[in-house]
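A.B. asks: Residue numbers (the working numbering), protein chains in the order written: chain R, 1 to 475; chain Y, 1001 to 1121.
For the record, the hints were derived by calculation from the structure and aren't laboratory data.
All values derive from a computational prediction rather than experimental measurement.
Hints should not be assumed to be uniformly reliable.
Said to hold, decoys possible - Per label pair, the in silico range of CB-to-CB distance:
#, chain 1, residue 1, chain 2, residue 2, range
1, R, L425, Y, E1069, 47 to 53 Å
2, R, Q286, Y, E1069, 34 to 40 Å
3, Y, M1001, R, C454, 54 to 60 Å
4, Y, K1045, R, E267, 43 to 49 Å
5, R, T397, Y, G1072, 52 to 58 Å
6, Y, N1117, R, E267, 51 to 57 Å
7, R, A431, Y, N1117, 39 to 45 Å
8, R, S289, Y, R1121, 50 to 56 Å
9, Y, S1099, R, E293, 43 to 49 Å
10, Y, M1001, R, A431, 48 to 54 Å
11, R, L231, Y, G1088, 54 to 60 Å
Glycine is no exception: its CB is placed at the ideal position from the N, C-alpha and C atoms.
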Amino acid sequence: MQCCDNIIILCHLSTDCQTEALLLSPVFQDKKSSVNVKERMSGVEANMHLQSEQARIRTVNLFCGATALLGSPYLFFLVRLHDYLSTAVMAAIIAVFLLCISLNRKGFIAASCLLIVINTNFSVLYFSSLLGFTSGIHLYLFTSPLIVYLLFDFKQRGKIILTFASYLFTFIAIFLIDKYQVFDYKLPDSSLIPFLYGLNFCFALILAFLLIVYFANNNASYNHVLEKQNLFLLLHKDTLMDQIAERLQAEEKLKESLQEKNVLLSEIHHRVKNNLALVSGLLELQGLSETDEKVQAVFSQSRNRIKSLAAIHESLYQSENIACIRFDQYFQKLFNEVIKLYPATAADIELRSTLQPIKLDIAQAIPCGLLVNEIISNAYKYAFTGRTRGLIQVTATEKESFVILEVRDDGCGLPPENEMRSGSLGMTLIASFVQQLKGTLEKRNENGAVFRICFPYKKIPNNVEEAYEKESIDC
Amino acid sequence: MKKRALIVEDDIVLTMIDKLYLQKIGCEVVATVTNASTAIEAVRKHNPDFILMDIRLDGETDGVAAMEEIRGFSNVPVIYFSGNSEAGMRQRAAETGMSGFLVKPIDFASLKDLIDNIPVR
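Just chain R, same shape as in the assembly (with noise of 0.2 Å):
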């Protein structure tokens, strides 16, 4: 890579000889190059501008220089007119045409642009008020077209009508200054305008004919520039094909190793759900061959509390994503199982949720899960003794960077803080999961229990969240 760096910086300072021997040099031949092909190309296009540039520079310098050249035999023809003012000001032109090379080397090209149509405009106006139309000053108008291409570039359309505009006003001046007499023409002598015109008319056809050469010369040169890129094209036609057949196949093998990861997730989800399967079939059999209805409520909530972490898993398996499940749907799976351990009394008690669909990272929905779980069982077990109906009613909100938790019943309430079991395993899993959730827990008496756990809402990153936002479209 560094090598052809090295190549495309050397194509830039090249000459044309260095350049097309950089382009067929090896390294551009190598086939197993994994140099990119279009970093190259680029390259060689901005050489190929740049050498235009310079030469269109150098070339508007070389106008400068020849029309200061030019300019110089009408310095002693003004003196020996005794028309010090006129010599002055040709002195000034040709300084401003020097001055537009100095400009030109230092970059100031559109300024220096500027400043040769300004000066060449007002030469031609001054010096044919001054010598008269038929001095043939006017001729050198007639070079305007190829000073337009040669200052412009054909993009540059708004420049070049106005430059041709003032070239055209420039020669309407001169035109009517010279019909309606307008100045006194300073020539003693009227035996010299052929001379005049003669002079003007071979230093137009010079200035014309260096314009000429330059636009050809230039033509040949991006002929030929344009010719080793083609080269460069070909050359590198194989080596073009060769990089994407091996995209392709990098393409190929990610596609076998993404259909193997899926393999593989769904191997690891089945493997999990058997697992759990498993524990959950041995208590429910462990649980049937006990006489004892106690026992046979602590196997219960034990494959209950599976349940629920078989439930998360689903979630995350079936979710776009793995790292975040929506609380609502996960809930609703919680729910539905739930409701299944109670057969006799979910019947008359009513499960009412209100849930915002928030989106909970892993670390979270775990415990929140159990958490809920926990609590709805215990409303399920202990709230409506002695009752034929019930209600319990579970909401979830995001507020403030926070998700707020209720659960609440209308049952008989929670037993004073002294009567609670202190060992209950069910309050002690409440509180660890409310821990967990680095949250707070606030249970009270409201025509039944109510329980508000409060805990920080874990953000899903932006791309997680996109990717859920997809999801949900597609649901």
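Following the hints, position chain Y against chain R.
C.D. replies: For chain Y alone, coordinates are given in the frame of chain R:
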């Protein structure tokens, strides 16, 4: 009269648990198999009253595809077990004329209800 069951499950230990449970609720397990082809053979051979069919089996063919083949010669009731409750999978299973679809870990009480609704053939 005992209902005769065929268990199609790739996990041997889960098969054992299902078998024990079925026996506990008074069913007879005529065979336990782990893949689609043996499942089809077992249906032909034992003509069970119902099948407990895991969706994911050993080999390329899954439980639903196996059931599609079985439907060519038998209308035996089937209860599917699955690791996930994806709507697409459930739809495929429903098209084979299932008697039930349970998500693992299965709820044995729900399984019993489904089995009770299946008539002895």
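A.B. asks: Work down the list of hints and note, for each, if the structure agrees.
C.D. replies: Hints versus structure:
The supplied range of 47 to 53 Å is met by L425 (chain R) and E1069 (chain Y), whose beta-carbon atoms lie about 48 Å from each other. The supplied range of 34 to 40 Å is met by Q286 (chain R) and E1069 (chain Y), whose beta-carbon atoms lie about 37 Å from each other. Checked against the hint of 54 to 60 Å, the pair M1001 (chain Y) and C454 (chain R) passes, with Cβ atoms roughly 58 Å apart. As the Cβ distance of K1045 (chain Y) to E267 (chain R) is approximately 30 Å, the hint placing it in 43 to 49 Å is violated.
The hint said 52 to 58 Å for the Cβ distance between T397 (chain R) and G1072 (chain Y), and at roughly 53 Å that hint holds. A C-beta distance of roughly 33 Å is found between N1117 (chain Y) and E267 (chain R), which places it outside the suggested range of 51 to 57 Å. Remark: the range hint 39 to 45 Å for A431 (chain R) to N1117 (chain Y) is upheld by a beta-carbon distance near 43 Å. Evaluation of the 50 to 56 Å hint for S289 (chain R) and R1121 (chain Y) yields a failure: the beta carbon distance comes to about 30 Å.
Under the hint 43 to 49 Å, the C-beta atoms of S1099 (chain Y) and E293 (chain R), about 30 Å apart, miss the expected range. A hinted range of 48 to 54 Å for the beta carbons of M1001 (chain Y) and A431 (chain R) is consistent with their spacing of about 52 Å. Checked against the given bound of 54 to 60 Å, the beta carbons of L231 (chain R) and G1088 (chain Y), roughly 57 Å apart, stay inside it.
Hints 4, 6, 8, 9 from the earlier list are contradicted by this structure; the remaining hints agree with it.
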